[in-house]
Each structure stands twice: as C-alpha cells, then as structure tokens.
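Engineer: Next come the chains, spelled out residue by residue.
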Amino acid sequence: MNAGSTERIPNPLQHQPQFAVPGALEAEVGELITHYPPDKKRSASLMVLHAIQEHFGWISQEAVEWTAQKLGLQPINIYELVTFYPMFRQRPMGKYQIKVCRTLSCALGGSYKLHKHFCEKLGLDPHKHGPQTTKDGKFTVEFVECLASCGTAPVMMVNDEFYEGVSHAKADEVLGNCK
Amino acid sequence: MPQEYRLILKHADQPGYTPGLDCYLRHGGYETLKQALTRAPKTLPDGKTLSGPEQLRDEVKLSGLRGRGGAGFSCGLKWSFVDRKSGKPIYLICNADESEPGTFKDRQIIYKDPHQLLEGMIIACYANDVHLAYIYIRGEFVEGAKILNRALNEARAKNLLGKHILGSGYGLEIHVHRGAGAYICGEETGLIESLEGKRAYPRIKPPYFPAVLGLYQCPTIVNNVETLCAIKHIAAMGGAEYAKLGTPNNTGTRIVSISGHVKRPGYYEVEVGKVTLGELIHDTAFGGGLRDGHSLKAVIPGGSSAKVFKAGEKFKLRRKGPEGREVEQEIDMLDLPYDFDTLIRAGSMSGSGAIIVLDDSTDIVEALANISEFYAHESCGQCTPCREGSLWMSKALHRLTHGEGREQDAEYLAKIADNIPGGRTICAFGEACAWPVQSFVAKFKDEFVAKGKADEERRAKENRAAKPVREIELTLNAKC
Numbered sequence: 180m181n182a183g184s185t186e187r188i189p190n191p192l193q194h195q196p197q198f199a200v201p202g203a204l205e206a207e208v209g210e211l212i213t214h215y216p217p218d219k220k221r222s223a224s225l226m227v228l229h230a231i232q233e234h235f236g237w238i239s240q241e242a243v244e245w246t247a248q249k250l251g252l253q254p255i256n257i258y259e260l261v262t263f264y265p266m267f268r269q270r271p272m273g274k275y276q277i278k279v280c281r282t283l284s285c286a287l288g289g290s291y292k293l294h295k296h297f298c299e300k301l302g303l304d305p306h307k308h309g310p311q312t313t314k315d316g317k318f319t320v321e322f323v324e325c326l327a328s329c330g331t332a333p334v335m336m337v338n339d340e341f342y343e344g345v346s347h348a349k350a351d352e353v354l355g356n357c358k
Numbered sequence: 007m008p009q010e011y012r013l014i015l016k017h018a019d020q021p022g023y024t025p026g027l028d029c030y031l032r033h034g035g036y037e038t039l040k041q042a043l044t045r046a047p048k049t050l051p052d053g054k055t056l057s058g059p060e061q062l063r064d065e066v067k068l069s070g071l072r073g074r075g076g077a078g079f080s081c082g083l084k085w086s087f088v089d090r091k092s093g094k095p096i097y098l099i100c101n102a103d104e105s106e107p108g109t110f111k112d113r114q115i116i117y118k119d120p121h122q123l124l125e126g127m128i129i130a131c132y133a134n135d136v137h138l139a140y141i142y143i144r145g146e147f148v149e150g151a152k153i154l155n156r157a158l159n160e161a162r163a164k165n166l167l168g169k170h171i172l173g174s175g176y177g178l179e180i181h182v183h184r185g186a187g188a189y190i191c192g193e194e195t196g197l198i199e200s201l202e203g204k205r206a207y208p209r210i211k212p213p214y215f216p217a218v219l220g221l222y223q224c225p226t227i228v229n230n231v232e233t234l235c236a237i238k239h240i241a242a243m244g245g246a247e248y249a250k251l252g253t254p255n256n257t258g259t260r261i262v263s264i265s266g267h268v269k270r271p272g273y274y275e276v277e278v279g280k281v282t283l284g285e286l287i288h289d290t291a292f293g294g295g296l297r298d299g300h301s302l303k304a305v306i307p308g309g310s311s312a313k314v315f316k317a318g319e320k321f322k323l324r325r326k327g328p329e330g331r332e333v334e335q336e337i338d339m340l341d342l343p344y345d346f347d348t349l350i351r352a353g354s355m356s357g358s359g360a361i362i363v364l365d366d367s368t369d370i371v372e373a374l375a376n377i378s379e380f381y382a383h384e385s386c387g388q389c390t391p392c393r394e395g396s397l398w399m400s401k402a403l404h405r406l407t408h409g410e411g412r413e414q415d416a417e418y419l420a421k422i423a424d425n426i427p428g429g430r431t432i433c434a435f436g437e438a439c440a441w442p443v444q445s446f447v448a449k450f451k452d453e454f455v456a457k458g459k460a461d462e463e464r465r466a467k468e469n470r471a472a473k474p475v476r477e478i479e480l481t482l483n484a485k486c
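First to last, the sequence lines map onto chains Z and E.
312 is the number that this note's numbering gives to position 133 of the first sequence; each next residue is one higher, with no gaps.
374 is the number that this note's numbering gives to position 368 of the second sequence; each next residue is one higher, with no gaps.
Hints are computed from structural coordinates only; laboratory data are not their basis.
There could be a bad hint or two in this list.
The calculated label-pair distances, taken between Cβ atoms and stated as ranges, are [as the list claims (entries may be wrong)]:
#1 CYS29/E - GLY209/Z: 49 to 57 Å
#2 LEU252/Z - ILE210/E: 17 to 25 Å
#3 GLY309/Z - PRO212/E: 49 to 57 Å
#4 ILE210/E - THR262/Z: 48 to 56 Å
#5 LYS274/Z - GLN41/E: 45 to 53 Å
#6 LEU252/Z - GLU60/E: 36 to 44 Å
#7 ALA460/E - LYS314/Z: 53 to 61 Å
#8 ASP218/Z - PRO212/E: 33 to 41 Å
#9 ILE210/E - ASP218/Z: 18 to 26 Å
#10 ASP28/E - HIS234/Z: 26 to 34 Å
#11 ASP28/E - ARG187/Z: 37 to 45 Å
Below, a list of computed lysine to any residue pairs in the SDA-like style, where the Cα atoms sit at most 20 Å apart [unchecked claim]:
#12 LYS204/E - MET266/Z
#13 LYS220/Z - LYS401/E
#14 LYS307/Z - LYS401/E
#15 LYS204/E - GLN248/Z
A short list of chain E residues far from chain Z (calculated; beta carbon distances all over 12 Å) [unchecked claim]:
#16 MET7
#17 TYR176
#18 ALA186
#19 GLY409
Note that the coordinates shown come from a computational prediction; the quantities given were computed from them, not determined experimentally.
In this text, a Cβ means the ideal position worked out from N, Cα and C, and glycines have one as well.
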C-alpha cells in the first residue's frame, strides 16, 4: 500500500446507519449485565448479542461498537464473537430462517432431501450448505449442525420454532404458514 | 426381559405432567432440597463432625455416580478436587450444551421437568458452598432457555432460590447463559471461556483445571444436566442405595439416546450395564430392531466421536465366569453390556449415551464424510493438528464421495487421523475428530479402497486427472 493511500482493509461488518437502541432493549441489556459479578461485565456479551439480534435480526458494525462500549470492551472483543459463533448473523437474513439439521442421524433420516426440497421450492441452490436468502427477502435456508433431537429426524428450526419428523408434506405446510 | 428403569424421567412423559412448579410440587418436588438444607451435623466415631454439605458430598462419593456428559468421570472425585481453601468463591455451571451428535436426553429433562434439574442443582450448590451458578444452555434451545427462566422465576417467588432459601440462611442465585451454536462449548474449559464472554477456546490443563482455576480463575464445578438430576436422587435415597442400581463401578441409571435406522428411535432410561447394546437396538422395549428387510451394518455406541463397531465384531474381554472367577470370553459387539467400562475395554466408549444405528443401506464412506464435515465445521481452530487435520479429512472424504477419490485415500485418511490425537491438541476434540476416521477406515477399509479405486479407473477411461477439491461441484448426495 502506498503512503497516504486511502485504501483500507475492507471492513467485514456491515453498516446500519439507522442503528438506535430502544429503551426496552437498553433496559433488557442492563438487566442481563446484573447476572454476572460487577467486575465481569464481559461475561454478558453473548447474552447481549442474542438480545440485539433478536431485536434487529443481525449484528452490524454499529451494534458491535455499541455492545463493546456498553460492556467496557474494545470492538474486537465483540467482533471476534460474532465471527466465531455460528448463530450470530453478520448481515440481514430472510424474515423466515429455515435451519435444517445436517448431521448424521438427520442425514440418515432424509435431511439432505429435505434441504433440497426447500431449495427447489424456493428457487435456491440445493448444492450450497450455507445460508441463502430468496430475492424477496422472505426466506433464508441453510444447513446447520446437530440440533440435539436425533430420535425424531429429520428436524429443523424456522426462526425460534422447532419442528421434528419433517416430511416433505409437513415442510410444505410450514412454508404455507409463513405469511 | 430388559426393561426401562425410570428414575430421572419418572414423571416427564406422564400424561398431564407439566414443567410448572405446581406440578413438580404435587409430585413431591423440592422435598429432597428441604431435607438436604436441614441435615444435622453428624459426629463420627473418631470425634470428627461432618456438616450437612460434607455429608452430601460423601453420599455422592458413595453413590459411585459417573458424569453423564461424555467422559464418565467420577462425580464425587470431581467434587473432591475443588479447592475449598483458596478463599475465592466456588462456582457451579450446569453443562446444558448437549452438543454431541446423537444425544438428545438433556433436552427431555429441560423441556419436560426443569424443576428437577433446578432441585439437583441447588442441592449440588449447597453441598459445595456455591452461591452463584449458571446453566450454560446451547443457543438452539431457544424454548428451553425460556422454560428454564420461567422455572427460575417460579423458584425465586417461592423462596427456593435467593438470599435465604427456605429460611435456611443459605443463599444461591442461578442464571441462564445461552451459547450460540458452537459444539466446542460442550468442552468444560471452552464452556467457561464462553461464559466469560470470549471465544470458546479450551484451556490448557494443567494449570487450568476447573476445580482450581475455572470461571474467573476461581474453583468451578461443571456438571452435566443428567448428572445434576442424579444428585437429587442420590440426596433423596442415599448414596449406598443409589449404588445398588446399575452394576459395580457403573452405578445408577442413565438415559440412552437411540437414533438412526431403528424402528423406535428415542430416549430410554436404563440401569447402567444391565442392558446390552444388542438389546438396546433390537428389543421391543427399546430400539425395536432394524427396519424390515434390512440388516445391521455398524453401530456408533456413544455419540458421533465414539469409535464405530462393525456388525459381527467380536471382542476378547475378561469377565466373571459362572464360578465367579475372571475368565477371558469372546463377546459379540451386540452382547456387550452397555456401561462405561466395557465399552472402553472394547476400544470405544459409551460417551454421552448416544447410540447411532446404521443398517445395510448406509454408504459407510458417506456416513464418515458426514461426521467429518461436522468436525471440520466445529474445530475451534486453536491447535494446528485439529484445525488442519479435521479439514483435510473432510476434504478427502468429500473427494471420495464425489467421484474424485483415489485408491490410497484410505491410507491418507488414516495417516492424518493418527497424527491428531494423543496430546497434540489442547482438548479432546483432537480425539473426537480422529476416532471416527480411524475406526471407520480400519473396520471398513475395503469400502474406502473400492470407492477410490473405482474413481481412478473411471478417470483413467476418461483420460483425466482427479479434480482438486475446490473444483468439485458440491453435489449433495441423499443416499446416506
């Protein structure tokens, strides 16, 4: 890089210019911090990120900076969590997030066919494992690792709702209920 | 006839049983806690006095309880390692991460009988002079975390938690802490790092044994959900009585999760060692046998990281013969009593009590590819042999399952797998990702070699070299 160049390493986090934390969320975060010893605020970071993601749907650069400031940390301390833990989203996802379990017992129970079924139905690439969102932003489909319900394979989650023994007919019904 | 023995899951599936406090109280809930809190000091013949908590710890030692999370380590011993003289607070963490593929037992307790877990936890905390405890629950159990929070609030309202629990002067607070989708958080020091708000990088031991330097560098106990529920029953019935359940050195009951190609996949609570692996798979009280028209191919006996057993595999084990003397016997894999020690002697483990059954329709290479993809995804990335090795194995298996295999891939896989475990990594994930590969390749080598060879012959006909992994189209195969 030349001296004085304005080129920078691209920021992997996305911006959310209208980021603003409403009072209720701020209060929730404040309460979460009290769950840990007073000098161990850092412990609250996962719970705070969950609360933020629940509200905004994803974690932006502004959210990372806000969380770090709230917990008396550097942004990198929060950023490294967002990139480590698979449940945290670094960009907005679909309104309905379909997470199909990929791991062995579900695979034996037909989860690959289930994932393919969703992808074909929603015009997504069945060969991709990672999250894919439909053009209208309504659905995100992805494979996730073991959801700990191997006895009722194949299983999946749609947002926070858990579904077990998902046949293709049941999958269609669930899709139909997503308004 | 082998039967279920429901101790922990006694009420969970009864019609009308709900996770609420009222229902738990109607079924005798928190009576054990009341008794535990009011246990009088006991004077021993040598003049020493044992406090209530000390007596509870002795009961747990006497019970022979072994951890139900995976390692099967003695719970009494784990508690005895706790540094009680450091002057620092002692913490207890309930490991509710339930992340080992094949395992779904803790889910049943959390969702159906959360107060039993809380009662066990409060007793364990009282026994160890803990005043702040956490339940580390996997992020995917969204509803589970809500159920636990509701249960905690109910308990607080009834003075079962707080500054003076049931007027005893003993104070305890418990909070729920949610993970966010990382398998490694099931490893206890990774879990502690995660609870401290960091990446779940397991800590090196020594010096970071949780019993001495755990959460916030304080003495910490990490116990599995099922283990803590067992504590409640040990406190209720006494350690000696609990030890009568199960078999010597493998005492009590445990909840076995059975999944894969059986007619009745599900969770079954049994006395440890009183039921064989074959009974768990075939008996109508348990797995109910394989699907019609299929025969057994392999069994993963203790979660996906356990070494696989091949159908028909025999083991020479020393067991007590009819006259009570130890004799060497040849035992079929299916006749192994399902306990901690026997499965270790047979070269595998009962781990988290998760049995995954594979029938003859299974492509064994595909099955291993599936497992290895999991470990490649979940390696925390701290130690090179594990981070790189798990990925290399997954890539080689990916190649093998996508028509780009080589005859020597079996050897290649074994070579990588042999170089990951055995003290080369900070935590046991190194073993967990290598064991399936080592055992699958050793026991089903012909299938791996045949697949690679067929690919090579086909490419020779097409007159082309193998494609590098990144150019192989990721075609998902539903054969598995």
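Engineer: Any of the earlier hints contradicted here, and which numbers?
Structural biologist: 1, 3, 4, 7, 8, 11, 13 and 18
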